[in-house]
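J.: These protein sequence lines are chains A and B, in that order. All residue numbers for the first sequence refer to numbering that gives the first Met the number 0, where the first residue is 0 and numbers rise by one. All residue numbers for the second sequence refer to numbering that gives the first Met the number 0, where the first residue is 0 and numbers rise by one.
It is possible that some hints are incorrect.
To be verified - One-sided and incomplete, this derived list gives chain A residues near chain B with beta-carbon spacing under 8 Å:
id : residue
1  : K11
2  : T17
3  : R21
4  : P29
5  : Y41
Hints in this document: simulated from the structure, not taken from any laboratory. No residue lacks a Cβ here, since even glycine has one placed at the ideal position from N, Cα and C.
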Amino acid sequence: MATTLSLKELSKKEDLFTHGHRMCSGCGAPIVVKQLLLASDYPIIASNATGCLEVSSCISEYTAWKIPWIHNAFENAAATISGVETMCRSLKKQGKIDKEIKFVAFGGDGGTYDIGFQSLSGAMERGHEMLYICYDNGAYMNTGIQRSSATPLGADTTTSPAGSVIKGKTQPRKNMTRIMAAHGIPYVAQASPAHWRDAVTKFRKALEIKGPKFINVLAPCNRGWRSSTDDAILLCRAAVDTCYWPLYEVEDGVTRINSIPKEKKPVEEFLKPQGRFKHLFAPGNEWLLKLFQEEVDREWERLKKEAQEAVSDKS
Amino acid sequence: MKPKGWKDLPPGSVITRPGSATEFKTGSWRTFRPVWVPENCIQCLFCWMYCPDMAIKVKDGKREEFDYDYCKGCGICARECPGKKGQKAIIMVEEGK
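Hey, can you work out the whole structure from these sequences and the hints?
T.: Next up, the structure:
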């Protein structure tokens, strides 16, 4: 019944997130939303944490959404959608609705990693029938590029400016996907819009699974990453090829890597086109670049080991 | 588009018209304009999938002209276009030239 996974077939579907939204030119977030809405053949109700996506898709009386959509506050996208889900469950019991509806919450990295974390963690623990999508652009881009706990090590932001005293953010980023996997929920994944087939498959799979789900999706922000407007997809691909953003899923506690790059590229490939990492390539800062690479390598090795153990456990 | 006062807006910020953003044209944001070269187009539809502004018209699984009312000119389509025999099917041209 589901639409065949080909661009030709998918393109025949209606755009449920319309043009006329006011995200910046070349933003990665609308691509993520588009891919999610294309993936689903079910009616969807979405909630949105405060963030770029919320403020620019719904301005005064103009909305880019053609699905029921609710914004409440910054910290409670997950709590809001869990309320909506509970309401629909009750209405179903009362026989007032009979449709199978899917519930999705969108949040940026600020609304997911930091501000919305408690409500997200709570909703996951309560086991609501929902999918939480984090579009991770690695800082508070909406308010003018302040650091968040998703900002990578060494990135220049307005609250971690690279200068003579500090060289951008001094701490590495928090691994949210792993934290969500530790909640023991049925499905956690990491996706990238450049690998559209992988992303759409994951969204689809997540919507089919019962219980709370979490997917972390990379969403480039050319304003904050200081890259050019046409770089979004290229950077997403580089992030996967360098293993900075490995594509993997944790289903019922079993880790599976979805894409192992043929040749793992040095992290420079991902960092070089971005102005926020410019200082990493300045003489004297080689140590920082090395530290970044070590960080990425360590996580990749750990992930590979985890996936291997999952395979050997099965056999 | 006529600006409205607060008395004209629905209470509780409820929007009763889904997809009303289409009334807001974002095409004027553009500095560079993508130009489609149909003879180099292999209809892979990558441009359609990666367009953040839903500004590529598709009919029956085939791409058509750009929707210049909404295209913000980011250039992702031109960058991702595989083209035919090394010839891109989308090229970016500066507006006003």
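J.: Now tell me if each hint is right for this structure.
T.: Verification of the supplied hints:
no., hint, in the structure
1, K11, "6 Å, holds"
2, T17, "4 Å, holds"
3, R21, "7 Å, holds"
4, P29, "4 Å, holds"
5, Y41, "17 Å, violated"
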